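Asker: If you read the protein sequences in the order shown, they are chains P and F. Going by the numbering used here, the first residue of the first sequence is number 1, and it counts up by one from there. Going by the numbering used here, the first residue of the second sequence is number 1, and it counts up by one from there.
To be clear, the hints were calculated from the coordinates, so they are not data collected in a lab. Note that the coordinates shown come from a computational prediction; the quantities given were computed from them, not determined experimentally. Take the hints with a grain of salt, since some may be wrong.
[Stated by the list, open to error] List of simulated lysine-lysine pairs, DSS-like, C-alpha gap at most 25 Å:
1) P:Lys131 x F:Lys5
2) P:Lys47 x P:Lys143
3) P:Lys47 x F:Lys5
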Amino acid sequence: MWTLRRLPITCASILLLVAACANVPKEVVELSYRLGQDLGSLHDSYKTLVHQHFDSLRAQRIEYLENVWTPAFVAAWIEDGHLVAVATGKEVYSEEKSSFVLPTPGQEKPELLASVQMWSESALRQIDKKKGELLSPLDKDEKELVAAVAEAFARVIRGNAIITAHLNSLRNVQEVQDELLSALDLKDLRTTINTRLATASDKAQKALEEVKKADAIVAKRGARLKGRNQ
Amino acid sequence: MASGKGMDDLANKTAQNVNAMLADQEAEVLRRSSANLAALKPQVSDPAAFDKLVEAVQESTAKNESVAQLKDRVVKLGAAVVKVAKEVAPYLV
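Using the sequences provided together with the hints, build the complete structure.
Answerer: Encoded structure:
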């Protein structure tokens with residue numbers, strides 16, 4: 001009994017609530033969903049740009065390494081590493097003594113080969129070390145930037161997904177409202193109210209324009225009267 | 001096979017001398033080829049404020065989803081609801 005007595009009030013409340021809601025076209029949900037997909041594509045593009053930017057920075061440092069530092073190092077290392085003396089058989093490198101010594105008679109060739117090998121391996125290690133010193137800060141920065149961009153995009157994509165879900169929920173609510181209104185033979189109620197609201201809004205805009213026009217006329221006449229009195 | 005530790009120490013000294021000799025040129029190369037991380041990093045909004053907004057929207061979404069189930073609930077109430085509502089409706093428009 002309690003329920004039945006209050007049914008008309010409940011139904012009236014529902015109707016008023018549902019009829020007052022604005023339209024959520026399905027395209028809004030679709031647009032928001034597609035925006036989410038496009039954001040993923042934008043992220044990929046941004047990542048590529050970041051990599052290309054860092055590749056160009058790395059190229060500048062590699063150019064310096066290959067054309068400036070390495071030639072200067074090799075020239076100095078030929079001198080400091082006694083390469084000419086070793087190559088001409090005058091000296092070999094002794095690991096035990098950690099210095100250049102005269103070759104052992106009968107062992108000239110193997111000692112020469114070992115010395116040249118040590119010389120070239122040491123040179124390559126220094127060049128590799130220098131390359132690391134020049135490039136590792138860039139690699140670290142690139143990693144940091146890619147992570148920051150990924151985090152920002154993840155947040156935006158997540159935010160958009162939440163908005164899409166919310167819009168979709170509004171759509172679901174609207175569908176239920178429409179079905180309820182239809183069941184009550186009031187299918188066009190929402191459209192009627194929305195149309196009337198839109199019309200009222202247009203009328204208000206026109207009235208506002210009229211008021212503005214009237215204000216302008218009053219201001220003009222006032223100025224004219226002021227001129228006459230002076 | 002020799003490890004060349006002593007030779008490496010020598011090469012290391014040579015590299016240090018070359019570094020000192022090219023210090024100015026290298027500093028200029030490093031300056032030109034550095035990334036301005038502060039300018040490149042996205043300036044995103046406060047994470048705490050973002051999370052609060054997300055929470056509020058998700059709460060509202062959940063409420064909407066609950067409303068969306070209204071139809072099933074009304075159907076469960078039975079045809080009487082529709083009948084009474086139809087009688088009331090003309091007075092509402």
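Asker: Between the alpha carbons of Lys47 (chain P) and Lys143 (chain P), is the straight-line distance 25 Å or under?
Answerer: 11 Å, holds
Asker: Is Lys47 (chain P) within 25 Å of Lys5 (chain F), Cα to Cα?
Answerer: Roughly 42 Å between the alpha carbons, so the hint for Lys47 (chain P) and Lys5 (chain F) is violated.
Asker: Below or equal to 25 Å on CA atoms is what counts here, so check Lys131 (chain P) against Lys5 (chain F).
Answerer: 20 Å, holds
Hint compliance for this structure: hint 3 is the single one not met.
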